[in-house]
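Visitor: Make a model of the complete structure from these sequences and hints.
4 protein chains.
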Amino acid sequence: MIIIMERDATKSNIQAVIELLNSHGFKVIAHEGDVHTVIDALGDKTTLSPARIEAMDGVKQIKFIREPFRLASRDRKSEDTVIEFSNGVKIGGANRPVSMVGPCSVEENYDGLLQVAVAAKELGCQFLRGGAFKPRTSPYDFDGLGELGLQYLRKAADETGLLVVTELMDSTDLDLVCHYADVIQIGARNMQNFKLLKSVGHCNKPVILKRGPASTIREFLLAAEHIMYNGNEQVILCERGLKSFDSAFTRNLLDISAVPVIKKYSHLPIIIDPSHGTGQRYLIEPMAKAGLVVGADGVMVEVHYNPAEALSDGKQSLSIPQFKEVFAHLNTLIDTLHLEKSSTLSDVE
Amino acid sequence: MIIIMERDATKSNIQAVIELLNSHGFKVIAHEGDVHTVIDALGDKTTLSPARIEAMDGVKQIKFIREPFRLASRDRKSEDTVIEFSNGVKIGGANRPVSMVGPCSVEENYDGLLQVAVAAKELGCQFLRGGAFKPRTSPYDFDGLGELGLQYLRKAADETGLLVVTELMDSTDLDLVCHYADVIQIGARNMQNFKLLKSVGHCNKPVILKRGPASTIREFLLAAEHIMYNGNEQVILCERGLKSFDSAFTRNLLDISAVPVIKKYSHLPIIIDPSHGTGQRYLIEPMAKAGLVVGADGVMVEVHYNPAEALSDGKQSLSIPQFKEVFAHLNTLIDTLHLEKSSTLSDVE
Amino acid sequence: MIIIMERDATKSNIQAVIELLNSHGFKVIAHEGDVHTVIDALGDKTTLSPARIEAMDGVKQIKFIREPFRLASRDRKSEDTVIEFSNGVKIGGANRPVSMVGPCSVEENYDGLLQVAVAAKELGCQFLRGGAFKPRTSPYDFDGLGELGLQYLRKAADETGLLVVTELMDSTDLDLVCHYADVIQIGARNMQNFKLLKSVGHCNKPVILKRGPASTIREFLLAAEHIMYNGNEQVILCERGLKSFDSAFTRNLLDISAVPVIKKYSHLPIIIDPSHGTGQRYLIEPMAKAGLVVGADGVMVEVHYNPAEALSDGKQSLSIPQFKEVFAHLNTLIDTLHLEKSSTLSDVE
Amino acid sequence: MIIIMERDATKSNIQAVIELLNSHGFKVIAHEGDVHTVIDALGDKTTLSPARIEAMDGVKQIKFIREPFRLASRDRKSEDTVIEFSNGVKIGGANRPVSMVGPCSVEENYDGLLQVAVAAKELGCQFLRGGAFKPRTSPYDFDGLGELGLQYLRKAADETGLLVVTELMDSTDLDLVCHYADVIQIGARNMQNFKLLKSVGHCNKPVILKRGPASTIREFLLAAEHIMYNGNEQVILCERGLKSFDSAFTRNLLDISAVPVIKKYSHLPIIIDPSHGTGQRYLIEPMAKAGLVVGADGVMVEVHYNPAEALSDGKQSLSIPQFKEVFAHLNTLIDTLHLEKSSTLSDVE
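Chains as they are written, first to last, in our numbering: chain A, 4 to 352; chain B, 4 to 352; chain C, 4 to 352; chain D, 4 to 352.
It is possible that some hints are incorrect.
What the hints assert, rightly or not - Stretches of chain C that chain B covers, calculated by requiring three or more beta carbons in the stretch to come under 8 Å of a beta carbon on chain B: (1) 38 to 46; (2) 67 to 78; (3) 240 to 251.
Hints in this document: simulated from the structure, not taken from any laboratory. Owing to the predicted nature of the structure, the values given are computational and were not obtained by experimental measurement. Just so you know, even glycine gets a beta-carbon here, dropped at the ideal spot from N, CA and C.
Guide: See below:
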């Protein structure tokens, strides 16, 4: 790291910083500039937190050379992480992008869920998604069926040969959710719920980690790092849209560039969610295509047997006929891209 | 609510919306405009979720007349909520603004904590704050002493006659934290951790709810609504800074206007946290003053016996001598304002 | 429009609003709700500014039914606007997406510019772009060659059979720029420079209007409206990235969804600029693809004969060999998409 | 500056950077780290643009030690800039904060303007503000009286002994505006209209530069630098609110912390505009107080003789009776603060 001292830092301020660094085994070089003294320090930041140095008198700012995430970094592992399921489905690397579809919430009508699952299987999707425990901005909204929802998901997936993705909202439900799910989802609002990250770090199921609506890419990869650091390296990142100053036409601003940026700096797979990412049914197809074309390892899309009666997120859900149309188009695109998947990312550095 | 139909909505689309509204007891009036048909609907949204209507064919957008929060709204309760503690301390209404001070994290050195508590008492502060469980962006950072931290806080507060504020990060720790704390804090990153909000809704301790770094005021009040809806009306809001496009000089952008806005739309007390709100020691005093002058019911400030050795947030913590200087100035300001507190908010509507 | 009165609005407040609306020929219906009185008003907003009503006593908020842009709206003109040049090149509608390439600034080395133009022609690009007058955040940076730059651009374009795109920064240069350019560009920082918009509204050259880095889509289309209102309907919109809270890996956040959103609400063509939109060379190819796949009518990309010696924006410019590689890929993608261009946008509404 | 090389940068990449730096007289030190090579370079950036280095092969990122603004920096001039007018009014330093009031736009009714000016003089305000040329988001809105507006302003100011502040929107109007105005305002939307900045840099009137709604503090000070670099050091900064993700209750988010941050890094005076900064009449008083208490050198407030008939910004304008009430409160606050102005900013560094 590089420590920039204030213009009015005293010699003893500078000396104190250097001594602390030396005492922790850092290699130190100081330069006296016209205005600022700059101290270069090479060493192990796990033994001396930069925050301690930042708080010392006369320190203006610290600049970091390395990214703060390590396990998630391509610097550590240059080949793509591929996550494989018992039925042979794979996510990441040169594999065909996967599809995760289903209703926002699992609802009372099991048959409606099954209809979605049947259509999903027909279209070549691999995962059935749905919420049994729902985070809701307002307490007056439907918050999920709980365990019954998990049972419905498992049953519909088993009947059709799909895998189950569902959200875990609280560490106390971990065993319950693991019992029914093949992939555990951490929602955007919980991206920095560190207790929850730690708990899924201790389980042995793949985890989909959704990017928080106001999270930087660095914070996103650090949240993945929490899971990996606790022992679970099967992390699938999911870009699902950012909060922006313009919410007149879209609910969120889907950050398509996050896909190639993360591909460059991390080895983890990343999928996109154009349903939450835009909040608009008519944007699902174009934005799914945009995600795929920049290299996303999959898409997550909300599908409901009757969006006009959905208890949540109907506006951004596809009906089954719409789903069939959109995914026929996406499959065509995926077929084309898969043939030349290695060229979707630019060689231009 | 007002439902705006798409320009190409069919007569049967419009009819379907009207019938659904009628079937739920809404009073409905439709206007055919040049471009859009507009449907006014008056009725009880708890029986028919607007999201269901939004998902119907031909619906462009729904506009709401009333704010979605109810229990937290001044429409329901026009007088200020005042929260009173067993030792007579009061927050909210025409009461003198309170002060909550202490280290970011409680650390091993109990004596350092006690020094802060002693100084706090001398300066007329009412609350000792500190984290025993710390949310950390990176897994490589210090994450708190756990129960030992709670014991230290309680002990230092009892020795000096202060009340304890500390953060709850997971609902499984609720009883533990309640055992030691007088006020439970919900951190900014957990503002929409609905399980956690529900759990503190069931306890009988006052709750400080910190605004999420990218939360709108409406989402903030809806998060308070979750707590209130579950039975706990003793909610203290805390503005602690928003994520912004400019993080070169401040860690967050402290939204001072949130204080008078929330005072207008809600009866709940609101305090400000200039330490997290700016991330800069030199901004604590001016921004605390700004918050007080617009009507905040208190300030929360990080104080550490030796910021340069703090395991977290040292950069934004005051040392004890700095704390004494800053709070002498704040007390002078509070003294002046308290005399005329009713005039701090504008009569101009 | 719909006028929502404050909960404490008096009968005479309500009456005053109704009377003003009536006196301007609006058709008015008022509803008394539990909390708020709501007034629906149908009429011509050009005769009575909503801002006047908003300022009246007792008015809480106005909600609008129609979008504020009219000339730019699809409500007024449902077919796509196509802009045609004297050499037969067309932008918009079902036409093949166009390419606009060249250096950020035109520099002293004419030969370098010509090399770019030659390569552009070979790759099927239609436009040579370059700045003769440069907006620079810092006064210490290179700010362009002025008229000499315009002459170089014209000459290189004429030698190779390309059209010239260049930025106009001040209305006093209008005639000069029109003399050399085929398309006039209004830069992102000038999107709301209304004098400039008015001046290009009076000329008869097509205008590329870049979206401001913090402009909503509504503001963007209103800026186009300024140009159209002053007589020039040949407006090409350009999405070039928004300011975001995360600038660690990209200079701006390219809003890919703006393309299909604008296609839905406006008939104007829209292109994307992945160079400014990301600020990173390696992101140009994937983000150009993303823009094309969602229906953009063209791409604008910075190409320099030697980026490492460019006086501006070298980091986000392609070298000529990189340009050839990237555009070979884009052309392949365009060829595929062009065959089925009508299906790039979703039929799902 | 510090140049961080990519992890896969070659020895010849590194050598090329070092040679270029050496050839421009920079003092260079290179460190080979575990992952990245880091090159420290001390020298004059006006001779070698960092953008050139950034574009070289193998360069990951450049980090700067010094702020890019120089003339505006406190590093260059530690004492506060004070701007003095011929009638003895002073802005900046230890002087009493000034008040600039008047309608958003100057309108046909001269008498209404005069009423505002008379009230302003009575309340001790020093400046009459008003727009003769108005930037308007929509072309359908009133855009000002032009020169007649300037004449009205001058006349009303002369009759009452005030100074005139008015906005310049286009460099072609410079002489005209200078003829009537005492202070030239550059609007927020023109903060990076560099031609305009250059033109006011050549005149000898003080300039109020409003912060762009999405401008960082660094960009804001660089815009001031443009004016100063062209010869005019009489720049008054004005914070007027930022674009945010929450516009439900306020039009903009007024960045109160910008005042003490700018006071620390620049010697220029800074005022705040709570009218545009919030867009809400009831927030003018509290936010003006917040600005004053953190050290603003003045406030700018919209006042209209009849806000309900204002052609622009009525919602955020005070009526004359409201103005009298609010400024009586502000004057009381200013009186108190003036006595101890040197203590409004924290000594805590």
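Visitor: What are the numbers of the hints that this structure violates, sorted from low to high?
Guide: none
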